[in-house]
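Novice: Following the hints, position chain P against chain Z.
Chains as they are written, first to last, in the working numbering: chain Z, 1 to 468; chain P, 1 to 232.
Rather than coming from a laboratory, the hints here were simulated on the basis of the structure. We put the CB at the ideal spot given by N, CA and C, even for glycine. Some hints could be false.
Unchecked claim - For lysine-lysine, the following DSS-like pairs were computed, each having C-alpha atoms within a straight-line distance of at most 25 Å:
| # | chain 1 | residue 1 | chain 2 | residue 2 |
| --- | --- | --- | --- | --- |
| 1 | P | K190 | Z | K397 |
| 2 | P | K74 | Z | K397 |
| 3 | P | K198 | Z | K365 |
| 4 | Z | K365 | Z | K292 |
To be verified - Computed from the model, here is a short list of chain P residues facing chain Z with C-beta under 10 Å:
| # | residue |
| --- | --- |
| 5 | S4 |
| 6 | L7 |
| 7 | V8 |
| 8 | H11 |
| 9 | E55 |
| 10 | R56 |
| 11 | A92 |
| 12 | R107 |
| 13 | D113 |
| 14 | W116 |
| 15 | Q120 |
| 16 | S124 |
| 17 | L184 |
| 18 | K190 |
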Amino acid sequence: MFWLAIHFPALPLEIYSRGVAVPEPIAVIERHGNRSRVKACNEAADAGGVLVGMPVSAAQALLTNLVVRSRDMAAELESLEGLASWAGNYTPAVSLQPPDGLLIEIGSCLSLHRGFKNLIAQMRHGLNEMGYSASLACATTPHAAWLLALAGQEVAIRDPAKLETVLGELSVRLLDQSQDTLASLEMLGAHTLGECLSFPRAGMARRFGQSLLDEMDRALGRLPEAREFFLPPPSFTRRLELPSLVNESEALLFASRLLLLELEGCLNLRQAGVQEFELVCHHEDMPETVVKVGFAQPTRALERMLLLLRETLGRTRLCAPVHTIVLNASRIQEIELANLDLFQDNAETGDGNLLLERLRIRLGKEAVFSIAPAADHRPELAWRPCEAGDESKPAGKQQRPLWLLPKPMPCRKERLELQSGPERIESGWWDGMDVVRDYYVAQGRNGSRLWVFRERSSGAWFVHGLFA
Amino acid sequence: MNASLDLVLQHPGIWRGDQLAQATGETLSTGFAELDEQLPGGGWARGALTEILLEREGIGELRLLLPALASVSKQSEWQAWVSPPHVPYAPALSGAGVNLKQLLVARPQTPADAWWTTEQALRSGACSAVLAWLSAPDEKRMRRLQLGAETGHAWGVLFRSASAAQERSTASLRLLLEATSNGLAVHILKRRGGQVNKPVLLSLHQNNGVRQARPSAPSLSVVPSLRAVSRN
Chain Z
1 MFWLAIHFPA LPLEIYSRGV AVPEPIAVIE RHGNRSRVKA CNEAADAGGV
51 LVGMPVSAAQ ALLTNLVVRS RDMAAELESL EGLASWAGNY TPAVSLQPPD
101 GLLIEIGSCL SLHRGFKNLI AQMRHGLNEM GYSASLACAT TPHAAWLLAL
151 AGQEVAIRDP AKLETVLGEL SVRLLDQSQD TLASLEMLGA HTLGECLSFP
201 RAGMARRFGQ SLLDEMDRAL GRLPEAREFF LPPPSFTRRL ELPSLVNESE
251 ALLFASRLLL LELEGCLNLR QAGVQEFELV CHHEDMPETV VKVGFAQPTR
301 ALERMLLLLR ETLGRTRLCA PVHTIVLNAS RIQEIELANL DLFQDNAETG
351 DGNLLLERLR IRLGKEAVFS IAPAADHRPE LAWRPCEAGD ESKPAGKQQR
401 PLWLLPKPMP CRKERLELQS GPERIESGWW DGMDVVRDYY VAQGRNGSRL
451 WVFRERSSGA WFVHGLFA
Chain P
1 MNASLDLVLQ HPGIWRGDQL AQATGETLST GFAELDEQLP GGGWARGALT
51 EILLEREGIG ELRLLLPALA SVSKQSEWQA WVSPPHVPYA PALSGAGVNL
101 KQLLVARPQT PADAWWTTEQ ALRSGACSAV LAWLSAPDEK RMRRLQLGAE
151 TGHAWGVLFR SASAAQERST ASLRLLLEAT SNGLAVHILK RRGGQVNKPV
201 LLSLHQNNGV RQARPSAPSL SVVPSLRAVS RN
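Chain Z with its partners taken away, still in its complex shape:
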């Protein structure tokens, strides 16, 4: 087991400002009793002298234009779950470490991502793209990795024997223990974990209870730690407040990409795909615009979702600037992926489903279809438009023309030279579209071969198809 811990030190702030450089100073405050203190602030606020832990009144006195937002734990958890979904792109073994961390088992997926360095580089790139700052650390136990990430030490410890020396230098303040325990540890002179470990265990247990010893043992791998892996809910809804009003589809696409990355991870975790999703764009004082994107087959490929969203957005007119987008994928369905061919390189051939989806965006859903024979004796009902890829039964062996006229065309018997027939078709008395006809294959005067019939009630002749 090899664990990667990701700590998001600025998560409370980033739920408000991620992905954009906000020029004005912004601070997130948290209530303690009846006093509010600054929990996190951005660079602009930092430059103005605002410190973490400062009372909000002092911060506002320092910077009159400070934007103050109160801490939103629910939104933070939602973001964390989104991040866990995104991490699902790399491995299914993702565990939440609320309120601001993820623990990911990467030992089993290293070869898939072509090595440790590659994986870490990809993840860093992804985190950057989504606009989160993070510190990453790896160790053989989840808790050791987490303590290292908390301390901001971006190291990877592969040798369990080295854990004790590396962890020994960390501050006891990182431990998940009560403030009283931590304060009395410091009074005893134990400022680092190493000093803590050098105390006799029996005395420590009597003084501080078992939980402190357990925590250190878990970190060192002396006690096992069972972590529960994250499984995303069966439907996906994520909301992103845009930092400023957006009018252009390109900018909207950029923001949607952040959410689509999470959707992709969520689908990867569930081994599922979506056949459609919608992007709801909220405007001020106007009803929202809903952009729907549909696929021919359930998919979970980010590039494909982006491509179709781009084309759909390009054809959508926004009535007003957008302040918030919501990505909804209500129907997540399991998909079976086709195995890749070992010897054949499939990269060159295009994808028919993708073509179908692209054509549908411009021409409309009804204008592009596939056809299938239907089980009906009446020629006009013996075919139906259907979705591409639908299984169809093979047709019977009767002689049928390649072109069918949508509506039979009256003709004169004298101009026809009947070649074979009749084939009597009598059907449909039960639904009012009954057919009582004798069909013949005929040669027209000009050389075309026709499928004609005589209506037995009236004796009139019609052309119904061409043997093209």
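Specialist: Chain P in isolation, oriented as in the chain Z frame:
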């Protein structure tokens, strides 16, 4: 012969007056041995446009293509029909061995959309065969289709009326179909290689209607031109 001249003559764009050009890419057999003989590369060329000119519908223009379309769908490749003039009749197509699961029918509303759809289908690389019935062709649009077919390595078939025989066209192969009492006469108006003066006569409705997936030995013969066809 000079070795470097040999090298030059191997270039697919160069042929001698009395021989067929080599095909630049892959070809699809037409399913009619006599017609294959007359086409560069021995069949319908992929990555290029084929124009089929006909005086009226229903003389066998689809049956001419059916063996190739059936072989395309046997390899589970896609095909697209853009703006067909009538309903492509599923029972007949399925009976002829065409896999309908991978056949797309597109009915764009405007001519511009139809040209766009054809180009997308050709360019996508997903479709092996793209059949299109288009109106208002011009050189620029044809050029775009030609490029699309090259990019997507697709066999593009354009159906046009016989009156377009006099017009210039960028299609690499142009056939004029004519119904005769002996069968379908295929006049090759343009191909890469020497001129042909005789039409190829194919008997399509030998088995009285829709032929099965692949004819074992269609009867064929080359007869003297029944009709003087103007060539440009």
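Novice: Check each numbered hint against the structure and report the violated ones by number, ascending.
Specialist: 1, 3, 5, 6, 7, 8 and 18
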